[in-house]
Amino acid sequence: MNDKKKADYRQGIIVFLVLAVLTAIEVAVANYLDNPGVPLIIIALVKAGLIVQFFMHIYRLWREESH
Amino acid sequence: MGAVAEEIHEPHVEEASYKERTRRNRLGLWLFLFSEIFLFGALLAARYYLWGDTRPELDQMVGLITTSILLLSSFFMARAETAIGHDNRKTFMRSLALTALLGIAFLIGVVGVEWGGHLKPTDGAYGAIFYAMTGLHALHVFSGVILIAIVWNRGRQGDFSAERHWGVEATAVYWHFVDVVWVFFYPALYLIGTAA
Chain A
1 MNDKKKADYR QGIIVFLVLA VLTAIEVAVA NYLDNPGVPL IIIALVKAGL IVQFFMHIYR
61 LWREESH
Chain B
1 MGAVAEEIHE PHVEEASYKE RTRRNRLGLW LFLFSEIFLF GALLAARYYL WGDTRPELDQ
61 MVGLITTSIL LLSSFFMARA ETAIGHDNRK TFMRSLALTA LLGIAFLIGV VGVEWGGHLK
121 PTDGAYGAIF YAMTGLHALH VFSGVILIAI VWNRGRQGDF SAERHWGVEA TAVYWHFVDV
181 VWVFFYPALY LIGTAA
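Protein sequences, first through last, are from chains A and B. Residue 63 in my numbering sits at position 63 of the first sequence, and the numbers go up by one each step. Residue 32 in my numbering sits at position 32 of the second sequence, and the numbers go up by one each step.
For the record, the hints were derived by calculation from the structure and aren't laboratory data. Note that the coordinates shown come from a computational prediction; the quantities given were computed from them, not determined experimentally. Honestly, I wouldn't trust all of these hints.
[Said to hold, decoys possible] The calculated lysine to any residue pairs, modelled on SDA-like cross-linking and capped at a C-alpha distance of 20 Å, are: (1) B:K19 to B:G167; (2) A:K6 to B:K90; (3) B:K19 to A:N2; (4) B:K19 to B:L136; (5) A:K6 to B:L136; (6) B:K19 to A:V29; (7) B:K120 to B:L101; (8) A:K6 to B:K120; (9) A:K4 to A:L45; (10) B:K120 to B:T194; (11) A:K6 to B:R89; (12) A:K4 to B:S161; (13) A:K5 to B:L136.
For reference, chain B alone in the conformation it holds in the complex:
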């Protein structure tokens, strides 16, 4: 028994245990994201069913700018993960901060600007679908920003290394998933159909 307990504290055993935990965590995260597909997929289905080949009149420039901002944030998130994978802490911290700032800019664009337009939640199917889609997505962006802030704070305290950064990977995968959702929402809201 004593020999087993001693063995557990061997560095290579700990490393193997960390790898195994990461493998399980990764599977769990992807299963969670898979369940999220049904949520966002249902909203997309509702959009195509209720709007058909039409869409509300929205500010195209706001749509393109917010899409570009989210795309850029995904790039910096990927850069942050690459950086910590190479123990480049400076680039990691900077990229993470930029990702969060771009996420906040996206929220300002959607919630602060687009929601202030002429379309209201009470404007029938157009308003209901638009606010449900952008609202639920914005909630995910907001929670992603919170996760990034937590990871940034842990990074500031010296957490994470090239070998151990599951927290960074999980946050990155979640953030990119939020971007993937917008990849489908952007054409559905702004580009497909004739503006009514």
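Okay, chain A solo, but in the shape it has when bound:
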């Protein structure tokens, strides 16, 4: 497996783990804060940003790719 291939697979795993941790933080925030609305929306925005950037590859809209 070449380095590029390894890096691509590794990136998917890292993003997934970060999303899982953020989901766990969401549950903790909802349980421990009296008014968790704003922090939960901020966490959701971060999660959405990660998915849009690393899973949906929005940058392909303005950067040429091989496929």
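The hints should help you fit chain B onto chain A, whose structure is shown.
Okay, now just chain B, sitting in the frame of chain A:
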């Protein structure tokens, strides 16, 4: 004229044409998803307006499990796209199948389990918003599973390669979009506000 026709069949010209078509298709898909934001955004706005700082009593464990399942399905979808990008067909097919299975598991969790709870569509604003949000989202998950099944079947027949896999990319982007929607729906339905 003959020279032009001959040139069109040159491999590098075909490749350039495929790239150009993919670029246009990509823009079209993102514009479609942009329009979908207004649909789901309107539902979210209705939730915050009608429920305010309250929410219906829902099974927290079902919410967390379904959210985790959808997140995991997004991971396998991304893995499938990475795999076909490196011509790794075995991982591509396996990851795609796992994504579809997890999508079905999500549907079972929401439609089969959560919809069988005490909250009914006729229970005022709580029921109406809950079923509209989860119903419309489930419909998108269902259509995503159908798309994945089509891509899987084409993959089984040898379609797609590292250079040509727009069908895989489009399905992946759609699937991840459905996940992004749930990223906002999960806290709105299960975590924000006091259970009434």
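Quick rundown of the hints versus the structure:
1. B:K19 to B:G167: holds (13 Å)
2. A:K6 to B:K90: Within the cut-off at roughly 16 Å; holds.
3. B:K19 to A:N2: Violated. K19 (chain B) to N2 (chain A) sits at ~25 Å, over the 20 Å cutoff.
4. B:K19 to B:L136: Since the Cα atoms of K19 (chain B) and L136 (chain B) sit roughly 33 Å apart, the hinted pair is violated (cutoff 20 Å).
5. A:K6 to B:L136: violated (37 Å)
6. B:K19 to A:V29: Roughly 45 Å separates the two Cα atoms, so the pair is violated.
7. B:K120 to B:L101: violated (27 Å)
8. A:K6 to B:K120: violated (48 Å)
9. A:K4 to A:L45: violated (29 Å)
10. B:K120 to B:T194: Distance ~19 Å between K120 (chain B) and T194 (chain B) Cα, so the pair holds.
11. A:K6 to B:R89: holds (16 Å)
12. A:K4 to B:S161: holds (17 Å)
13. A:K5 to B:L136: Measuring from Cα to Cα gives roughly 37 Å; hence the hint is violated.
Consistency note: the structure conflicts with the earlier hints numbered 3, 4, 5, 6, 7, 8, 9, 13.
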